[in-house]
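Protein chains: 2
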Amino acid sequence: MGIFDGVKVIDFTHAYAGPFATLNLADFGADVIKIERRDTGDVSRGWGPFKNDYSGYYSSFNRGKRSITLDFRSEEGQKVIFDLVKDADIVCSNFKAGTLDKYGIGYDKMKEIKPDIIYAAISGFGETGVLSSFAAYDNVVQAISGLMDVTGFQSGDPTKIGPAIGDSFTGLLLFMGIATAYYHKLKTGKGQKIDVTMLGSLLMMLDNPIMASSVKEEKVTRIGNMNPHYSPCDIFKVKDGYVTIAVKNQKMWDSFCSIVSDNEILSDKRFETNEERLKNSMVLKEIIDNLLQDKTKEEIEEKLTGAGIPCAPVMNIKEAFDNEQLIERDMIVELADPGTGSIKVVGNPIKLSRDLPVISKPSPLLGHHTDEILKEIGYEKGKISELKEQNII
Amino acid sequence: MGIFDGVKVIDFTHAYAGPFATLNLADFGADVIKIERRDTGDVSRGWGPFKNDYSGYYSSFNRGKRSITLDFRSEEGQKVIFDLVKDADIVCSNFKAGTLDKYGIGYDKMKEIKPDIIYAAISGFGETGVLSSFAAYDNVVQAISGLMDVTGFQSGDPTKIGPAIGDSFTGLLLFMGIATAYYHKLKTGKGQKIDVTMLGSLLMMLDNPIMASSVKEEKVTRIGNMNPHYSPCDIFKVKDGYVTIAVKNQKMWDSFCSIVSDNEILSDKRFETNEERLKNSMVLKEIIDNLLQDKTKEEIEEKLTGAGIPCAPVMNIKEAFDNEQLIERDMIVELADPGTGSIKVVGNPIKLSRDLPVISKPSPLLGHHTDEILKEIGYEKGKISELKEQNII
Numbered sequence: 001m002g003i004f005d006g007v008k009v010i011d012f013t014h015a016y017a018g019p020f021a022t023l024n025l026a027d028f029g030a031d032v033i034k035i036e037r038r039d040t041g042d043v044s045r046g047w048g049p050f051k052n053d054y055s056g057y058y059s060s061f062n063r064g065k066r067s068i069t070l071d072f073r074s075e076e077g078q079k080v081i082f083d084l085v086k087d088a089d090i091v092c093s094n095f096k097a098g099t100l101d102k103y104g105i106g107y108d109k110m111k112e113i114k115p116d117i118i119y120a121a122i123s124g125f126g127e128t129g130v131l132s133s134f135a136a137y138d139n140v141v142q143a144i145s146g147l148m149d150v151t152g153f154q155s156g157d158p159t160k161i162g163p164a165i166g167d168s169f170t171g172l173l174l175f176m177g178i179a180t181a182y183y184h185k186l187k188t189g190k191g192q193k194i195d196v197t198m199l200g201s202l203l204m205m206l207d208n209p210i211m212a213s214s215v216k217e218e219k220v221t222r223i224g225n226m227n228p229h230y231s232p233c234d235i236f237k238v239k240d241g242y243v244t245i246a247v248k249n250q251k252m253w254d255s256f257c258s259i260v261s262d263n264e265i266l267s268d269k270r271f272e273t274n275e276e277r278l279k280n281s282m283v284l285k286e287i288i289d290n291l292l293q294d295k296t297k298e299e300i301e302e303k304l305t306g307a308g309i310p311c312a313p314v315m316n317i318k319e320a321f322d323n324e325q326l327i328e329r330d331m332i333v334e335l336a337d338p339g340t341g342s343i344k345v346v347g348n349p350i351k352l353s354r355d356l357p358v359i360s361k362p363s364p365l366l367g368h369h370t371d372e373i374l375k376e377i378g379y380e381k382g383k384i385s386e387l388k389e390q391n392i393i
Numbered sequence: 001m002g003i004f005d006g007v008k009v010i011d012f013t014h015a016y017a018g019p020f021a022t023l024n025l026a027d028f029g030a031d032v033i034k035i036e037r038r039d040t041g042d043v044s045r046g047w048g049p050f051k052n053d054y055s056g057y058y059s060s061f062n063r064g065k066r067s068i069t070l071d072f073r074s075e076e077g078q079k080v081i082f083d084l085v086k087d088a089d090i091v092c093s094n095f096k097a098g099t100l101d102k103y104g105i106g107y108d109k110m111k112e113i114k115p116d117i118i119y120a121a122i123s124g125f126g127e128t129g130v131l132s133s134f135a136a137y138d139n140v141v142q143a144i145s146g147l148m149d150v151t152g153f154q155s156g157d158p159t160k161i162g163p164a165i166g167d168s169f170t171g172l173l174l175f176m177g178i179a180t181a182y183y184h185k186l187k188t189g190k191g192q193k194i195d196v197t198m199l200g201s202l203l204m205m206l207d208n209p210i211m212a213s214s215v216k217e218e219k220v221t222r223i224g225n226m227n228p229h230y231s232p233c234d235i236f237k238v239k240d241g242y243v244t245i246a247v248k249n250q251k252m253w254d255s256f257c258s259i260v261s262d263n264e265i266l267s268d269k270r271f272e273t274n275e276e277r278l279k280n281s282m283v284l285k286e287i288i289d290n291l292l293q294d295k296t297k298e299e300i301e302e303k304l305t306g307a308g309i310p311c312a313p314v315m316n317i318k319e320a321f322d323n324e325q326l327i328e329r330d331m332i333v334e335l336a337d338p339g340t341g342s343i344k345v346v347g348n349p350i351k352l353s354r355d356l357p358v359i360s361k362p363s364p365l366l367g368h369h370t371d372e373i374l375k376e377i378g379y380e381k382g383k384i385s386e387l388k389e390q391n392i393i
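Here the protein sequences line up with chains A and B, keeping their order. Position 329 of the first sequence, counting from 1, maps to 329 under my numbering, and the rest follow consecutively. Position 293 of the second sequence, counting from 1, maps to 293 under my numbering, and the rest follow consecutively.
In short, the hints are calculated from the structure, not lab data. Note that the structure is predicted; figures quoted are calculated from it, not measured. Be aware that one or more of the hints could be misleading.
The list cannot tell twin chains apart, which means a pair is met if one copy fits it or any two copies do.
[Unchecked claim] Listed next, the in silico EDC-like pairs over lysine to aspartate or glutamate satisfying Cα-Cα at most 20 Å (straight line): (1) Lys-344 with Glu-264; (2) Lys-187 with Asp-116; (3) Lys-388 with Asp-71; (4) Lys-109 with Glu-75; (5) Lys-361 with Asp-5; (6) Lys-344 with Asp-207; (7) Lys-51 with Glu-275.
Chain A on its own, in the form it takes in the complex (with noise of 0.2 Å):
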């Protein structure tokens, strides 16, 4: 049993930020029935890598999904769309700004529909504002928002985050709404619109920074691995890759230096204090990459965190997989693919004592569910062979 058994999304999301937000309604129960183009669907089941010719980018964000074909664009095809919104407690959409009301499926007519219906719409700006008619990208939202300038060494270029975050952070927040408006619903008996925006929820991300900015004289901008508060705070090479070490106060300080260096670097004037240390870090930097160099991730790790100073190795992702916290939490699940096989995803890191967050199913093959979905809200064989006939379903 799940919080949301017995909800029903009639879900239009693609690609990634979307199908994120909707992934997590399915792990804690909700039927989220996906609506694909026929012929293509998910413009992601076209995305790699592939496994046995499948793409593992759709199966990894569309388990536990139902899938059904469906030309919304025709008339009859709306005609279903509109049968199915009857039944369904919520709706999603990540297209930009206005997609389905120019084909007459926005929000005012489902409200029609299905009065109390929550609307779910993720666009890059919003459905208000100059920028609203235009669609936004996971890389320009990280360049305009300033994130991409607050990340990388001072040295270098601006520097965008390794995986898609405009999409993964904005899909959150979308989830962060349904499960708010449906709260308020059950309270209330209204539903109500959901206007999420890419650029926005990098934003609400940049909230240090920009509070920075506010209060600081200085520009703020990118300064690597470093931390502006205390030193030294960074990344070290050693012997066999690199290790994370926060020397937050002055006792570490002291503890950091009897472990790494017979003291030679406690009583150099240059690193007496934090914000001498600060002022000086690039070349304390240095060396402590010297002093560090010769000895492996595990030694500086256990004699580090044996005294309180936060240090751990930096690891690639197939070691994250292999970390032994991460799969007694089930933090991640191999799921038998009907498309790649198998498949390894990350689980749902919300654990609640009561209905566990279940990741079970994989992710359909498209259409898998249209005949399923179509008789549950009473449609008859003839007349599915008839829409099937008719290129719609």
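Since the structure of chain A is already known, use the hints to place chain B on it.
What follows is chain B alone, placed relative to chain A:
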């Protein structure tokens, strides 16, 4: 009126991740009562940048909350906590797993006092598993989750995301857990415990690289500002800064060439197909850097977006402030703060058509609401004075 109007939250959180979760509850109308240590308060009150000798850091993460000072390590202080919890709906904390249990005010005790309480906890690694007893920090979880290894340039070091995303992402997930569990409570009358971790949250953001690593033979690691699926997609140095450009298909490639190069790269065999371009993306980047070096961000953006090619200038934080779209959508809010004087904070990006999040109240001075809050739960003047004399509040 906010959606969580009338919902009372007893908030033990401090620093970033926890306060970021409860800030969202406050934005949506909840009464967030922040329990702060006597004398020092939330540790972040000591963190810069400062304005008028007051922490901008604290101000930005604690808007809209009320503050009560209270020594919850003392028996008398715990009695006050229990009186507060009797009247509350949600308890939040982000101590190391087990800390509140150690003081006898963990979930089990809270449940005795208020059987349907929702108890929401953030920790580094969780309440279970081999690492549960360790504290975590943003730099540590960015390192061991694999996130740093997939961010930055191939020829350079692993790179930390500028803002402390291990905190913000986890804070959002806790809010998601709370909204979900609170919906469940309204439906069933039952409370529960929520256990969200920094490590698990960052892993969720890495779903795409983890899937890729499960599907592909090759090692998944950082590729700078490029995209693994199409090329050119990168940032380019131009006359007055940088622009990001994503050429996502062959049609866009044709337009791109005709706009920037008099078609000389269009006929170059090395760039004929997306596959070839991906293979030769380093050379291609150099050529494009050269082609664009004398042009301005504005010129390039105008021409490329006009042709439907995703393109934008890389902006710094100050420039992001001035983005008209963000201002129109209330994403930059100026608050009259009792400490800093005035401060700009990021608005809430979850725009609901009913009950928009409201950001109007600033962060509280330390203990500003102590008397008010205690009077609300029936404490009389004499009792309050007594607690003050005993240094409990």
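Practice prompt. Kindly indicate which numbered hints from before are broken by the structure, ordering the numbers from low to high.
Written response: Per hint list: single violation, 1.
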